[in-house]
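Q: One letter stands for each residue in the lines below.
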Amino acid sequence: MKMTNAFKATVAAAALVAGGAQAQEVEVLHWWTAGGEAAALNVLKEDLAGQDIGWQDMPVAGGGGTQAMTVLRARVTSGNAPTAVQMLGFDIQDWAQEGALANLNALAEENNWGEVIPDALQRFATYEDQWVAAPVNVHSTNWVWADASIMEELGLEQPQSWEEFVAALEAAKEAGYVALAHGGQAWQDATLFDAVLMATGGPEFYQKTMIDLDMEALGSDTMKQVFDRMATLRGFVDDNFSGRDWNLASAMVINDEAAFQMMGDWAKGEFLNAGQTPGEDFLCFRFPGTQDQVLFNSDQFAMFSQGEGVSDEQAALAEAILSPEFQIAFNKVKGSVPARTDLDVSELDACGQQGYAEYKAAAESGNLFGSMAHGHANPAAVKNAMYDVITAHFNGEYDAETAVQELQTAVEINAM
Amino acid sequence: MTDISRTEPASRPFGDRFRDALPKLVLSPSVAMVAIFVYGFIAFTLYLSFSDSRVLPSYNLVGWKNYEFLFRIRAWDTAVTNLVIFGTLYIAICCALGLLLAILLDQKIRAEGFIRTVYLYPMALSFIVTGVAWKWFLDPGIGLEAVMRGWGWESFRFDWIKDSDMAIYTIVIAAVWQTSGFVMAMFLAGLRGIDGEILKAAQIDGASTFSLYRRIVIPQLRPAFMSAFVVLAHMAIKSYDLVVALTGGGPGNATEVPATFMYSYTFTRNQMGIGAASAVIMLMTIAAIIVPYLWSELREKK
Amino acid sequence: MATAPTSRFITAGTGDPTQPRAKGPRLSAHLPRVILYALLTLFCIYYLLPLYVMVANSLKPLSEITAGGMMALPDAWTLAPWQSAWSTAQIGVEATGLRPYFINSLVMVIPAVAISTILGALNGYVLTKWHFRGATLIFGLLLFGCFIPFQMVLIPMARMLGLMGLSGTVPGLIFVHLVYGIGFSTLYFRNYYAAFPTELVRAAQIDGAGFFRIFWRILLPSSGPIAVVCIIWQFTNIWNDFLFGASFADFDSQPMTVALNNLVNSSTGVKEYNVHFAGALMAAAPTLLVYIVAGRFFVRGLMAGSVKG
Chain A
1 MKMTNAFKAT VAAAALVAGG AQAQEVEVLH WWTAGGEAAA LNVLKEDLAG QDIGWQDMPV
61 AGGGGTQAMT VLRARVTSGN APTAVQMLGF DIQDWAQEGA LANLNALAEE NNWGEVIPDA
121 LQRFATYEDQ WVAAPVNVHS TNWVWADASI MEELGLEQPQ SWEEFVAALE AAKEAGYVAL
181 AHGGQAWQDA TLFDAVLMAT GGPEFYQKTM IDLDMEALGS DTMKQVFDRM ATLRGFVDDN
241 FSGRDWNLAS AMVINDEAAF QMMGDWAKGE FLNAGQTPGE DFLCFRFPGT QDQVLFNSDQ
301 FAMFSQGEGV SDEQAALAEA ILSPEFQIAF NKVKGSVPAR TDLDVSELDA CGQQGYAEYK
361 AAAESGNLFG SMAHGHANPA AVKNAMYDVI TAHFNGEYDA ETAVQELQTA VEINAM
Chain B
1 MTDISRTEPA SRPFGDRFRD ALPKLVLSPS VAMVAIFVYG FIAFTLYLSF SDSRVLPSYN
61 LVGWKNYEFL FRIRAWDTAV TNLVIFGTLY IAICCALGLL LAILLDQKIR AEGFIRTVYL
121 YPMALSFIVT GVAWKWFLDP GIGLEAVMRG WGWESFRFDW IKDSDMAIYT IVIAAVWQTS
181 GFVMAMFLAG LRGIDGEILK AAQIDGASTF SLYRRIVIPQ LRPAFMSAFV VLAHMAIKSY
241 DLVVALTGGG PGNATEVPAT FMYSYTFTRN QMGIGAASAV IMLMTIAAII VPYLWSELRE
301 KK
Chain C
1 MATAPTSRFI TAGTGDPTQP RAKGPRLSAH LPRVILYALL TLFCIYYLLP LYVMVANSLK
61 PLSEITAGGM MALPDAWTLA PWQSAWSTAQ IGVEATGLRP YFINSLVMVI PAVAISTILG
121 ALNGYVLTKW HFRGATLIFG LLLFGCFIPF QMVLIPMARM LGLMGLSGTV PGLIFVHLVY
181 GIGFSTLYFR NYYAAFPTEL VRAAQIDGAG FFRIFWRILL PSSGPIAVVC IIWQFTNIWN
241 DFLFGASFAD FDSQPMTVAL NNLVNSSTGV KEYNVHFAGA LMAAAPTLLV YIVAGRFFVR
301 GLMAGSVKG
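Protein chains in written order, with the UniProt record's numbering: chain A, 1 to 416; chain B, 1 to 302; chain C, 1 to 309.
Watch out, some of these pointers could steer you wrong.
Derived Cβ-Cβ restraints for the label pairs, each shown as a range [unchecked claim]:
{"hint": "1", "chain 1": "A", "residue 1": "Gly235", "chain 2": "C", "residue 2": "Ala72", "range": "48 to 54 Å"}
{"hint": "2", "chain 1": "B", "residue 1": "Leu22", "chain 2": "A", "residue 2": "Glu46", "range": "57 to 63 Å"}
{"hint": "3", "chain 1": "B", "residue 1": "Ile289", "chain 2": "A", "residue 2": "Asp212", "range": "45 to 51 Å"}
{"hint": "4", "chain 1": "B", "residue 1": "Arg214", "chain 2": "C", "residue 2": "Ala72", "range": "41 to 47 Å"}
{"hint": "5", "chain 1": "B", "residue 1": "Arg157", "chain 2": "A", "residue 2": "Glu347", "range": "49 to 55 Å"}
{"hint": "6", "chain 1": "A", "residue 1": "Gln51", "chain 2": "C", "residue 2": "Ala80", "range": "25 to 31 Å"}
{"hint": "7", "chain 1": "B", "residue 1": "Ser58", "chain 2": "A", "residue 2": "Ala400", "range": "37 to 43 Å"}
{"hint": "8", "chain 1": "C", "residue 1": "Leu163", "chain 2": "B", "residue 2": "Ala92", "range": "17 to 23 Å"}
Stretch by stretch, here's where chain A covers chain B in the computed footprint (C-beta under 8 Å, at least three residues) [what the hints assert, rightly or not]:
{"hint": "9", "stretch": "103-111"}
{"hint": "10", "stretch": "138-145"}
{"hint": "11", "stretch": "245-251"}
{"hint": "12", "stretch": "282-290"}
If you are wondering where the hints come from, they were derived from the structure by calculation, not from laboratory data. Computed from a predicted structure; not experimentally measured. The beta-carbon is built from N, C-alpha and C at its ideal position, and this holds for glycine as well.
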């Protein structure tokens, strides 16, 4: 039976190439394979099934999508591109630049996407004034997850500034807890770095260094201070952090071994799954000093051009992705918030509602920034070169001064 | 080697000529496949390494730029050094351990079949499967160190995987675990193939067990060493899954190897040109080691 | 790798190499049996430890694992993770478990292994028994092909598959495995046949037997041991391959390793380690079975073939 399916698909693909005949199916490449998120994607599948459009599932997990991007490249090169592909930030721009993506402008205009999607997201969803991707969600990365019982035991209040945060960490450490649960993987180090940089230099500095890649700002004393603060945080992490998966770091907070974890909103799922209640067993708040800012990454689905513009199935898929029902249903399980800013989110939990309100407020006030750690501030080459420096510094290979110099070199080599 | 395909040349009918060409015809699909899909692709990669390819292949030549960048990237130095350390230790330890195990198993052991299977089975598993188990086992917080301390050995330390200088050795441990059993099987096969008469004669001459092994047995295992070397070298160079599963190249980039470097520049960092350049350097290194070996091995038969 | 003397081939072929020789060097004089067995047991533990971690954790509830008991035996034994991994775990949008992918893998692996073994046998036969100018060079070139890093060939291979109309198909995937497996299968058979008495082939030729008839009637019947080695090798490599499977398979032909990776490597979801390990053991089951069943013939095949001079 499998063989027959494979055969049918080949014929279908051949037909597509040959005459542009429309097969009523979408093939979707994505990396959402964990229970909840995959189930949420099923909502989308059902929706399309209601319109008689088949869903061919092509999940490839690993490395936060890097594995899927490799597969995508092989697929496109072989002339067998999927219909729709989950993508992040600059990848969308890179593929649009190659001319591989379909233009969704007609659909966007009809459904008023320009109004409901903030500019910071449109920066990635559009290329040269053309809509090329449909945003699904917005994850924000500058969250702190705190153990409520430890906070209570030590009489700690939610820290509002860097100094208060350090004091809280100090108290937890003295009480014999791991102060900061952290996993030593490049992207986790960078997630921490993002928030520290925002808290230290403020939004303008973030814009200059991470997005505009301004050499002067990258080499400034403020940047050195950011690295110094990273070293301070390193002092609150246990010795065993290297290589630890983020969810094991979350488990440390869940099991009352560690007081705080700094991680994106997907960590919420771990807490909920362990039977914890937000506000009672664990607390969620913005990284101290970044209360008004939201650092985000946004999953979007890019539509690959099938020869003559957008196919009907692609249009149906894109429309379904931006439908309020799917945006709510999906983000409820995913831990992220809807990309559209005009929804009633009373179905989300406390942390989710807070996140959505802050997302909208940040979008209004120009405080919504793409996260460097998650590929929404600068291109992949620069991002990874920054990772190298941040991780090397966090592991004690560079002092702050060297790190600043290396950061400049990294940008110089890779920002071409 | 006797050659039976070249029979007396004369004017022959088509059928005969077809028959003479048949062996080459049978071989030709393989040769064609390898010519295109190995050597053709090597040529293609060589070309890319001189191009400005980023996300997808591009055909604009930019000279030696990719190579210049490559040698300015610190991680590349680390990757090359690591491959040398890893490759040397891995091959040496696998051979030594494989030989030791083969000799131990060759002592009329009860349950030899069972033990052999136990030593051999890791080869059957991919590191997608065993990576997490190894990662936990090596993690001082939950693995060996924690267990030993739990048993009361408070000062026990085994935190190599968290240590930039030592992490590469944990990769060796896991890699040896995977393939040493296979090497053992090769040596065991070699040992069993040695002519018992020679040994008997030597024993009668009063040779000690030790010198028997050193002077007679081990030299006879040379072909087994050679085969083991090919297999191990091939695995060392391709050790990608292992590193990704175990350390992801960390701490920092302390366990980066050329294979992970190449993958990350080609696919994650959208620097296909630099990735291709690293692939070319890697291939040249492989060729420098493997070609002389193949040449010396294959030449002998003449 | 020179041709071995005929006598040695016959000894090798008829004796059972999985049985210890009657006469051989013995360490016994220096090494008491107790120590010998202790050493062997110690190594058994080393090799079995990761398997223990996987099995033990696949049989406990997730709460026991996250509570920190990763090395301990389960307190509450459960088979639920196995059931989940096989039939209900979320791999893609549908909660299918690993079952369908298992079948996909079999559909791909069996033909790939069969074809590459047959092709390897034919190549080995031609290269040793129908020697021609340049044969050694060709063999060397085939063998060197084993050493190219697969990450490098991904993009050009995708292009070629597209041109051949094989992209995203099972035959395409089989083809890729064939191309990159040919070096090793040829190596095994070539070295094995090199030790096969050429006189027999010559005699058959004088009797008028043709190319294929000689292969079919004379060489193939005695190729059992090396075929086992080649099949084990190819089966292991192809079954465990992830890179090609992920890149060149289509949505309905993704192999087991890709599904396992989807199960294990989901980025931002809850990690059910017990289900992961159960899935991992399932993915490993066929190769493990092959090793256990054919392990005995494996050593024999190695002895008769690839490690011979």
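Q: Work down the list of hints and note, for each, if the structure agrees.
A: Verification of the hints:
Checking the proposed 48 to 54 Å range against Gly235/A and Ala72/C shows it is violated: the Cβ atoms sit about 32 Å from each other. Here the CB-CB span from Leu22/B to Glu46/A is close to 59 Å, well matched to the stated 57 to 63 Å. The supplied range of 45 to 51 Å is met by Ile289/B and Asp212/A, whose beta-carbon atoms lie about 47 Å from each other. The beta-carbon spacing between Arg214/B and Ala72/C, approximately 45 Å, falls within the hinted interval of 41 to 47 Å.
For Arg157/B and Glu347/A, the Cβ-Cβ distance of about 50 Å falls inside the hinted range of 49 to 55 Å, so the restraint holds. Restraint check, Gln51/A to Ala80/C: a C-beta distance of roughly 37 Å breaks the suggested window 25 to 31 Å. With their beta carbons about 38 Å apart, Ser58/B and Ala400/A fall inside the hinted range of 37 to 43 Å. Restraint check, Leu163/C to Ala92/B: a C-beta distance of roughly 44 Å breaks the suggested window 17 to 23 Å.
Counting residues of the stretch 103-111 of chain B whose CB lies closer than 8 Å to any CB of chain A gives 0, so the stated coverage by that chain is violated, three being the minimum. Evaluation of the coverage hint for the stretch 138-145 of chain B: fulfilled, as 3 residues show C-beta separations to chain A shorter than 8 Å, against a requirement of three. Coverage of the stretch 245-251 of chain B by chain A holds in this model, with 4 residues showing a Cβ closer than 8 Å to a Cβ of that chain against a need of three. Counting residues of the stretch 282-290 of chain B whose C-beta sits closer than 8 Å to any C-beta of chain A gives 0, which falls short of three, so the coverage hint is violated.
Going down the numbered hints, you'll see the structure goes against 1, 6, 8, 9, 12, while the others check out.
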